[in-house]
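Participant: Sequence:
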Amino acid sequence: MSATLLIAVLLHGGLAIWLSMPDVVPPPKPVKQPLHINLLATIAETNNNVVPEVVKPPEPVKPKPEPVVEKTPVKKIPKPEKITEVVEKIIQPPQIEPRPATLDKVATARYEQLLAAWLEKHKKYPVRAKRLRIEGEGLLRILIDRSGQTRQVSLEQRTGNRWLDKAALAMAKRANPFPPMPEDDPRRELEFFVPVAFVLR
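If you read the sequence shown in the numbering used here, its first letter stands for residue 1, the second for the next number, and so on.
Keep in mind that a hint or two might mislead.
Claimed, not checked - Have a look at the derived ranges for each label pair, beta carbon to beta carbon:
{"no.": "1", "residue 1": "D145", "residue 2": "K123", "range": "18 to 26 Å"}
{"no.": "2", "residue 1": "P179", "residue 2": "R201", "range": "23 to 31 Å"}
{"no.": "3", "residue 1": "E189", "residue 2": "K130", "range": "28 to 36 Å"}
{"no.": "4", "residue 1": "D184", "residue 2": "K124", "range": "42 to 50 Å"}
{"no.": "5", "residue 1": "K130", "residue 2": "D104", "range": "37 to 45 Å"}
{"no.": "6", "residue 1": "R133", "residue 2": "K105", "range": "34 to 42 Å"}
{"no.": "7", "residue 1": "A170", "residue 2": "G148", "range": "16 to 24 Å"}
{"no.": "8", "residue 1": "R131", "residue 2": "P182", "range": "35 to 43 Å"}
{"no.": "9", "residue 1": "R158", "residue 2": "V127", "range": "41 to 49 Å"}
{"no.": "10", "residue 1": "V127", "residue 2": "K105", "range": "37 to 45 Å"}
{"no.": "11", "residue 1": "G148", "residue 2": "K123", "range": "41 to 49 Å"}
The set of hints was computed from the structure by calculation and includes no laboratory data. Don't be surprised by glycine CBs; every beta carbon is placed ideally from N, CA and C.
Using the sequences plus the hints, can you model the full thing?
Facilitator: In structure tokens:
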């Protein structure tokens, strides 16, 4: 038998056997189950697996060695002896201030009368007031120095009429200077008040 014929017989025989065999159903494919991942467990496992870093405490700073200072002995200076000075106390008698000279009231009253009389000599009655028969009384305040020079003049009490007021001030101006103050009067200046009366007779 030739080789070609042998191959043909084998092929036909194999085909007949295959057709005579029952149909074989392939096994079902396995169904894939859904994949569930537990993230919390994964994170927890990850945290558990993380090894915390150990922080080493800083090394203490070693203090620098202080320089050795040699103490030099301090020489004690002897205190000087207290020198007691003898001071003689001179007791001076208390100074007695000179008493001011007492004023002679009688002499003062006479001098003020002299000033009033001197002032009266320089009084002039205003023509208009005299024509209209206007009368009035006032009070002059006059301040003079020791030589009798007028320092201040004022009308402490008015007469009630402006013509008479002007006449009283003009009278004091014309009377300047007044008689000088007495030598035994210790005052440097004198203030006196003189009543001035304008009366028609």
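Participant: If a hint holds in the structure, say so; if it doesn't, say that too.
Facilitator: For each hint, the structure was consulted:
1. D145 with K123: 18 to 26 Å: Once the Cβ atoms are compared, 23 Å apart, the range 18 to 26 Å for K123 and D145 holds.
2. P179 with R201: 23 to 31 Å: 28 Å, holds
3. E189 with K130: 28 to 36 Å: 35 Å, holds
4. D184 with K124: 42 to 50 Å: Distance hint for D184, K124 is violated at roughly 34 Å.
5. K130 with D104: 37 to 45 Å: 40 Å, holds
6. R133 with K105: 34 to 42 Å: At roughly 40 Å between Cβ atoms, K105 and R133 fall inside 34 to 42 Å, so the hint holds.
7. A170 with G148: 16 to 24 Å: 18 Å, holds
8. R131 with P182: 35 to 43 Å: Check passed, 42 Å falls within 35 to 43 Å.
9. R158 with V127: 41 to 49 Å: 20 Å, violated
10. V127 with K105: 37 to 45 Å: Since V127 and K105 have Cβ atoms about 41 Å apart, the given range 37 to 45 Å holds.
11. G148 with K123: 41 to 49 Å: Distance hint for G148, K123 is violated at roughly 18 Å.
Taken one by one, the earlier hints fail for this structure at numbers 4, 9, 11, listed in ascending order.
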